[in-house]
Amino acid sequence: MKKYVKDLTVAEVEYPHDLYVLLKLTDSEPLPETFPGQFVEIKVEGSPQTFLRRPISINYVDREKNQLWLLIKKVGEGTHKLAELKAGCKLNLVFPLGNGFSPVQKQGERVLLVGGGVGVAPLLDYGKYLKENGAAPCFLLGARSKSDLLEMEQFCALAPVFVTTEDGSEGEKGFVTQHTLLNHEKFDRISVCGPKPMMVSVAKYAKATSTPCEVSLENMMACGLGACLCCVEKTVKGNVCVCKEGPVFDINDLTWNL
Amino acid sequence: MADLTTKIAGLTMKNPVMTASGTFGYGIEFADFVNLEDIGGIIVKGTTLNPREGNDYPRMVETASGMLNCVGLQNKGVDYFCTNIYPEIKDIKTNMIVNVSGSSLEDYAECAARINELENIPAIELNISCPNVKQGGMAFGVTAEGAEAVVKAVREVYKKTLIVKLSPNVTSIADIAKAVEGAGADSVSLINTLMGMAIDIEKRKPVLSIATGGMSGPAVKPVAVRCVWQVAKAVNIPVIGLGGIMNAHDAIEFLLAGASAIEIGTANFVDPAVTVKVANGISDWLDQHGCSSVAEIVGQLECA
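Protein sequences, first through last, are from chains A and B.
Mapping of the first sequence onto the working numbering: position 191 corresponds to residue 191, and the numbering continues sequentially without gaps.
Mapping of the second sequence onto the working numbering: position 4 corresponds to residue 4, and the numbering continues sequentially without gaps.
Rather than coming from a laboratory, the hints here were simulated on the basis of the structure.
Do not rely on the hints blindly, as some may be mistaken.
As the list claims (entries may be wrong) - Below, simulated SDA-like cross-link-like pairs (lysine to any residue); rule was C-alpha separation at most 20 Å, straight line: (1) A:Lys3 to B:Glu37; (2) A:Lys196 to B:Glu202; (3) B:Lys277 to B:Asn50; (4) A:Lys2 to B:Asn35; (5) A:Lys81 to B:Val270; (6) A:Lys81 to B:Glu62; (7) A:Lys207 to A:Gly226; (8) A:Lys43 to B:Ile85; (9) A:Lys237 to B:Pro51; (10) A:Lys234 to B:Ala211; (11) B:Lys76 to A:Asp253; (12) A:Lys3 to B:Ala31; (13) A:Lys2 to B:Glu202; (14) A:Lys244 to B:Ile85; (15) A:Lys244 to A:Pro32; (16) A:Lys237 to B:Asn50; (17) A:Lys237 to B:Glu53; (18) B:Lys205 to B:Asp56; (19) A:Lys3 to B:Lys277; (20) A:Lys196 to A:Gly117; (21) A:Lys3 to B:Tyr26; (22) A:Lys43 to B:Pro218; (23) A:Lys237 to B:Asp79; (24) B:Lys76 to A:Lys2.
Just chain A, with the same shape it has in the complex (with noise of 0.2 Å):
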């Protein structure tokens, strides 16, 4: 798939959360090809700290709007100053970065899409892909209050969504491989994104129960085309580069204790 590196205007900005902005994207001409999982890398403008660019997962591609999402956590001088951005403003962006998750195996698969925190971000477009391409999504999302649970309305406009609240705020009680739903259903395979002891024991429950099973990862990154060999990830292959042979990985090609 072509990769640009490319001004894009900020549509729309949305505040779901305290620790969280959504800026939707548009550019004049009909956006580059992309597949759910993918993600670009954006530069930051007058943040003297933020030498590098931010690699963020694409949240949802809506076509007939011609935007992208990116749904992202204010973690350090960066990612607030992409919070402090406008409708208006321009964003210079490398991307379609890395191979996304897997394309639709079967039709009328059962694809469980388990995320936690900011991780449920390219959760929402992979939804999209898979219910438009003939597969069964449903959704396990994790989060520590009800408050924490990030665009659940879209969410709930796609697929059937069952949620864990540390607190009990919302859902089950609990993370999300403690959800009952796991106890009585089946599914064909699970693709999962989020904070690593998450993505660990969604990867154990899946090797329990002979599931295929995807994990997005997101180690530290340069510069996201495969060059710089920083953010590498040991596999059966050796060490890999997470930001052109992921961020998605087949568990059974990590190194993990499963």
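Got chain A; can you put chain B on it based on the hints?
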């Protein structure tokens, strides 16, 4: 329009802009962003005789106006390069140069000899300055004797343009450059990264897996310009300058300090199309200043 043609010993380049090893992959990773043939020379990822897995993650940390890395020369070895990568890059119409590293004199020489056989690789850049490997690497580049020994060993087997990449982590980089020139190098490139360190204060641990790493980016540029200036005065072979170049202004500083050509490294991570922008920017600057060629400004620094 000013003539950008640049000569580095036997190498003729259409402009003085090259890519620094380890920051531009094998060139093909950047083909969506720039016309590779518009770059004077592309120095590909460091290659060693045997495959290397490199260091553990984390290998990179961002610093003020720069970054530290400790990749540790991850590469699939010279055999893999010759069989699998060379066929993919040999027809790119620019100077494709291989950065060669090793952990012993024999390794360096054998790896260089293998690259010598590749028709469309007109030069190598000998890396005697990698701060991120336990054996070899920088060990050869921090003493005049070590540098001389490795360059002599390679010069015996390598017949094309031999560039030697120098470390700034030394007391006198000019002395190392003179030793390398005496041992038969055709050119020197400098600087490789500066050894640095970052600490995670909550964990009370180094951020990088091997504690230290090589610092690059605009933060190191003043050190690099100083090194180029000192070396250019000390040797008669052409100097290639690098270290934190982000734009044409930076590049021209290096040219005035005495570099005949420049390499762009870390800036490729920020703007994958930066190389061609710098080449065009140099051309514009030369035109605006009534210079007919890039060679005209090399070393033309006026010092009191």
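Hint check results:
1. Between lysine 3 of chain A and glutamate 37 of chain B the alpha-carbon distance is near 18 Å, which keeps this suggested pair within the 20 Å criterion.
2. Our distance criterion of 20 Å between C-alpha atoms is met by lysine 196 of chain A and glutamate 202 of chain B, whose separation comes to about 19 Å.
3. Note on lysine 277 of chain B and asparagine 50 of chain B: the hinted pairing is violated, with a Cα-Cα distance of about 36 Å set against a maximum of 20 Å.
4. Only pairs whose Cα atoms come within 20 Å are accepted, and lysine 2 of chain A paired with asparagine 35 of chain B is accepted, the gap being roughly 14 Å.
5. Proximity of lysine 81 of chain A to valine 270 of chain B is assessed by CA-CA distance (about 17 Å); at most 20 Å being required, the pair is judged to hold.
6. With a CA separation close to 16 Å, the supplied pair lysine 81 of chain A and glutamate 62 of chain B stays within the 20 Å bound.
7. Using a Cα cut-off of 20 Å, the hinted pair lysine 207 of chain A and glycine 226 of chain A is violated, with the two alpha carbons roughly 29 Å apart.
8. Between the alpha carbons of lysine 43 of chain A and isoleucine 85 of chain B the distance comes to roughly 31 Å, so the proposed pair goes past 20 Å and is violated.
9. Taking the CA atoms of lysine 237 of chain A and proline 51 of chain B, the gap is about 13 Å. The hint holds against a cut of 20 Å.
10. For the hint pairing lysine 234 of chain A with alanine 211 of chain B, the CA-to-CA distance comes to about 19 Å; that is within 20 Å, so the pair holds.
11. With a C-alpha separation of about 19 Å, the suggested pair lysine 76 of chain B and aspartate 253 of chain A falls inside the 20 Å cut-off, and the hint holds.
12. Among the hinted pairs, lysine 3 of chain A with alanine 31 of chain B is consistent with the structure: their alpha-carbon atoms are about 9 Å apart, no more than 20 Å.
13. A distance of roughly 41 Å separates the Cα atoms of lysine 2 of chain A and glutamate 202 of chain B; the hinted pair therefore is violated under the 20 Å criterion.
14. Only pairs whose Cα atoms come within 20 Å are accepted, and lysine 244 of chain A paired with isoleucine 85 of chain B is accepted, the gap being roughly 17 Å.
15. Of the supplied pair hints, the one linking lysine 244 of chain A and proline 32 of chain A holds, its CA atoms being roughly 18 Å apart against a limit of 20 Å.
16. At roughly 16 Å between alpha-carbon atoms, lysine 237 of chain A and asparagine 50 of chain B fall within 20 Å of each other, so this suggested pair holds.
17. For the given pair, lysine 237 of chain A sits about 10 Å from glutamate 53 of chain B by alpha-carbon distance, which is consistent with the 20 Å threshold.
18. Distance check on the hinted pair: lysine 205 of chain B and aspartate 56 of chain B sit about 15 Å apart at the alpha-carbon level, within 20 Å; holds.
19. Distance check on the hinted pair: lysine 3 of chain A and lysine 277 of chain B sit about 18 Å apart at the alpha-carbon level, within 20 Å; holds.
20. Distance restraint check for lysine 196 of chain A and glycine 117 of chain A: the Cα-Cα separation of roughly 11 Å lies within the 20 Å cut-off, and the hinted pair is therefore satisfied.
21. A hinted pair counts as satisfied when its Cα atoms are at most 20 Å apart, and lysine 3 of chain A with tyrosine 26 of chain B qualifies at roughly 16 Å.
22. For the suggested pair lysine 43 of chain A and proline 218 of chain B, the alpha carbons sit about 16 Å apart, so the restraint of at most 20 Å is met.
23. A threshold of 20 Å between alpha carbons decides the hint, and for lysine 237 of chain A with aspartate 79 of chain B the separation of about 18 Å falls inside it, so the pair holds.
24. Our distance criterion of 20 Å between C-alpha atoms is broken by lysine 76 of chain B and lysine 2 of chain A, whose separation comes to about 26 Å.
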